[in-house]
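Peer 1: Read off the chains here:
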Amino acid sequence: MANSVELRLVAPPDDVEVDKGDRLDRIRFNWLSVPLLLPTAILLAAFLAPIGYSAYIGFTNLSLLGPNSVNWHFTGMHNVQAMWQDDLFGKSVYLTIIFVILSGSVGSTAMGLLIAMLMQRAAPSLRSLIGTIAVLATTLPPTTVAVIWWTVTSNGGIFSDIVGMGNTGMLYSVPMLVVSCANCWSLCGLAMLLFSAALKNVPADIVEAAKLEGASSVRIFRMVIFPVLRPTVLTSALLMTLLSFGNFTIIYIMTGGGPQNATNILPVYSYLEGFTYHRLAYGAMLGNVIVLMTAAIGIVFGTISYLESRSERRAI
Amino acid sequence: MGVVASLEKEDLYKPSGRLVVLPKFGGVTVGVNAVTLLLALLFSVPLIWLVLAAFDSQATQQLHLPHFSVENFESALAPNLMWALVNSVAISGIATAVATVPAFFGAYSFSRHRLPFKNPLLFSILFLAGVPTSILIIPVFEFFQNWNLLSIVPASIFLGITCLPFELYIIKNAIDAIPLDLEEAARVERASTLRILFRIILPISLPGIAAAAIYGFIMSWGNFLIPIVLISSSDQQPSPTQIFGFISGINVQYGLLAAYCIIYSFPVVALYLASSSVFTSGFKAGRTHR
Numbered sequence: 001m002a003n004s005v006e007l008r009l010v011a012p013p014d015d016v017e018v019d020k021g022d023r024l025d026r027i028r029f030n031w032l033s034v035p036l037l038l039p040t041a042i043l044l045a046a047f048l049a050p051i052g053y054s055a056y057i058g059f060t061n062l063s064l065l066g067p068n069s070v071n072w073h074f075t076g077m078h079n080v081q082a083m084w085q086d087d088l089f090g091k092s093v094y095l096t097i098i099f100v101i102l103s104g105s106v107g108s109t110a111m112g113l114l115i116a117m118l119m120q121r122a123a124p125s126l127r128s129l130i131g132t133i134a135v136l137a138t139t140l141p142p143t144t145v146a147v148i149w150w151t152v153t154s155n156g157g158i159f160s161d162i163v164g165m166g167n168t169g170m171l172y173s174v175p176m177l178v179v180s181c182a183n184c185w186s187l188c189g190l191a192m193l194l195f196s197a198a199l200k201n202v203p204a205d206i207v208e209a210a211k212l213e214g215a216s217s218v219r220i221f222r223m224v225i226f227p228v229l230r231p232t233v234l235t236s237a238l239l240m241t242l243l244s245f246g247n248f249t250i251i252y253i254m255t256g257g258g259p260q261n262a263t264n265i266l267p268v269y270s271y272l273e274g275f276t277y278h279r280l281a282y283g284a285m286l287g288n289v290i291v292l293m294t295a296a297i298g299i300v301f302g303t304i305s306y307l308e309s310r311s312e313r314r315a316i
Numbered sequence: 001m002g003v004v005a006s007l008e009k010e011d012l013y014k015p016s017g018r019l020v021v022l023p024k025f026g027g028v029t030v031g032v033n034a035v036t037l038l039l040a041l042l043f044s045v046p047l048i049w050l051v052l053a054a055f056d057s058q059a060t061q062q063l064h065l066p067h068f069s070v071e072n073f074e075s076a077l078a079p080n081l082m083w084a085l086v087n088s089v090a091i092s093g094i095a096t097a098v099a100t101v102p103a104f105f106g107a108y109s110f111s112r113h114r115l116p117f118k119n120p121l122l123f124s125i126l127f128l129a130g131v132p133t134s135i136l137i138i139p140v141f142e143f144f145q146n147w148n149l150l151s152i153v154p155a156s157i158f159l160g161i162t163c164l165p166f167e168l169y170i171i172k173n174a175i176d177a178i179p180l181d182l183e184e185a186a187r188v189e190r191a192s193t194l195r196i197l198f199r200i201i202l203p204i205s206l207p208g209i210a211a212a213a214i215y216g217f218i219m220s221w222g223n224f225l226i227p228i229v230l231i232s233s234s235d236q237q238p239s240p241t242q243i244f245g246f247i248s249g250i251n252v253q254y255g256l257l258a259a260y261c262i263i264y265s266f267p268v269v270a271l272y273l274a275s276s277s278v279f280t281s282g283f284k285a286g287r288t289h290r
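Going down the list, the protein sequences come from chains D and Z.
For the record, in the first sequence the residue sitting at position 18 is 18 according to the numbering used here, with numbers rising by one throughout.
For the record, in the second sequence the residue sitting at position 103 is 103 according to the numbering used here, with numbers rising by one throughout.
Since the hints were made in silico from the structure, they are not lab data.
Just so you know, not all the hints are guaranteed correct.
Stated by the list, open to error - Quick look at which bits of chain Z chain D covers, simulated, 3 or more residues with Cβ under 8 Å:
#, segment
1, 31–40
2, 44–52
3, 55–62
4, 97–106
5, 158–169
6, 173–185
7, 265–274
Glycine residues also receive a C-beta, built at the ideal position from the N, C-alpha and C atoms.
Extracted from the complex, chain Z is given alone in its bound form:
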């Protein structure tokens, strides 16, 4: 594991770290640097606005030095706004669990067992992963309305279902990369399939499972449409709905908006950065197996 982990670390993109750089060709480095700088500035303007406005007690849509204060964050963390974040955590947590646990068992079966029509099935699952969720909204809404399901838990379960296909794919790639020898050795020692699953496959594929779970969490955290349509009570709405409410009003409080956006985005950005090594390992496993 140690060796594997260190190999994957190298694949990880590190902003300040080592990056494989090709030998220089041509000599217009000044031009390249100028273009890079210009692009970086252009790209960073929206981000700089977000940070400056969040710390500005008199924030506007313009970039200017802030009247520094943290009152925006204080008001963003007020109890009535906090509830949306709690709902977001609940929705994403349920959705991730609903998607990841079945995906693990299914992925093992897809990776190791002989199944009829295995490749067409896998291809269909990959296709499902690419189906835009927006098209599912109308039929699912109709169904939920008929059965009185328009609330937070069914909506979260449905969000989990939309994340399942790709999670299954990520975990299958991770299990594919585990050498068969380990399992055969365990079988010779007369370990049951369940034992093999939990004692061998689970620990070794844990980075892949984590990547899948993080994917599911990020997707559910960012989803705007499914909660707004499938949850009828406004008390159960997650943060994106709250943010949409901020900008729908006549007087937009830009400082509060920016601060709330930072609080809302922070968990996702942190998960991404903390797990980028896990992500790349998932991609790599997929590549080597093909």
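Just chain D, with the same shape it has in the complex:
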């Protein structure tokens, strides 16, 4: 019985701090998170505030120069109406979708997948050659990408000569195709890296078994390899979409939105409206449309990946 005496509860000595409120079986809000999160919160607020401010400016008549640069006020739906009647706006949305979805999301992902698959089967020297080139292209800053592509596709450039457009220049004849190619060229290396990593999860024994059963290459790809790559396709497509939005620097430097607005995607259009035509408010309104587009793309991808994961769980 001596033991029970020793186990008796004793009040802790005064010099030892004891948090009586903290139950160890449940995690409570830790007040230390306030100072830890404070700098981040301030900076994130400085990120969010411009988005809100832009949403407001979009509904005013603010301009870069002139009387409306100082005395500007709320004008309601005026800019929305202007946008509705603006032919260039519709064209710009269309071009944005081509650039961001077709060249970025679909093009870069498909090209990355193609290179990753080719690397699986090509001779080792070729494999490292194409891998190095694709990675190098991805690492170059957008300004460099734009300058290189501007040089080789403007009149007298090597690519223009190859396709027989040496006099006018590819960049003038097929501008949207050229900037899309430049975008794809600069992004597909990243997609290739994603797919190369994902290909490691393909079960080699199943590929072997399918081969023994006499399945064709296409069939093995469709039935064995692609299912493993599906989540990566989704990740890559989302990543490439967002990166293409950021890659409008390429267009701005290569064509400045021209010729005749042929490459005037929304981010470029917004910038030109604001700083070239001095209509800051209209530029901000176009920016609001970009935010909505980004949000819509995010929601679409979120829904797709949610449905995918749900069907996967059901299959198991």
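Chain D is already provided as a structure; the job is to place chain Z on it using the hints.
Peer 2: For chain Z alone, kept in the frame of chain D given last:
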């Protein structure tokens, strides 16, 4: 750490190294090699032009054997052009510091503490990481103009802010991957949170923090629009503006352009290649935690 590092090394894509290759299926290897070669040639044309033109004293837009000289590099390193590079270093350095230091503390709190609305908050932060910076230009310009902030330091701080969301995400993934036991052991030994943060979390998550910092640096280094709009003085403009100036003129000096582009791109490419193992480890940590 040694084991972890070696595991990550395997994930690293090495052009000449081992690559996991699936068993061969089908037999059209000649076709595959031909397509690969064609694609590689097509992809490399712009890069080959860049290198050849940089070493060519009479560079044009065409591919031809260079009249070899390094005079392009000499003129690209002239003091008046060097200043843009110095500005680039300053801008990227400030932006990286502004983003990485707060991101580390914030990421720790997000990883370890119980916060109200934690998941919606994290999701919003991820969304912010995807917001194109081009839409922020007009409101921020208006704000900077009103407060006379159109110069290099405020612009760099703003660049840092745009890099913060994704950096926070990278560092949080790195901290998530650290076993809780280490921290609990330290707590039993009565280490303070700050001590835990600097003696345990910081050293172990250093690869993740480095990846985040490199991401921030590369993003700021490559940004063209924010400096050109938010910095009013032409003396404070970074290299991208300088390059844009090269191609805006009537007589483009292609050799100088190419040499300057190589000098400007070199730090980014070197950082990328040197840190690709760090990058993949960041991605991997994120994957295992989910």
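Peer 1: I'd like to know which numbered hints this structure contradicts. Please list them from smallest to largest.
Peer 2: Hint 6 contradicted; others consistent.
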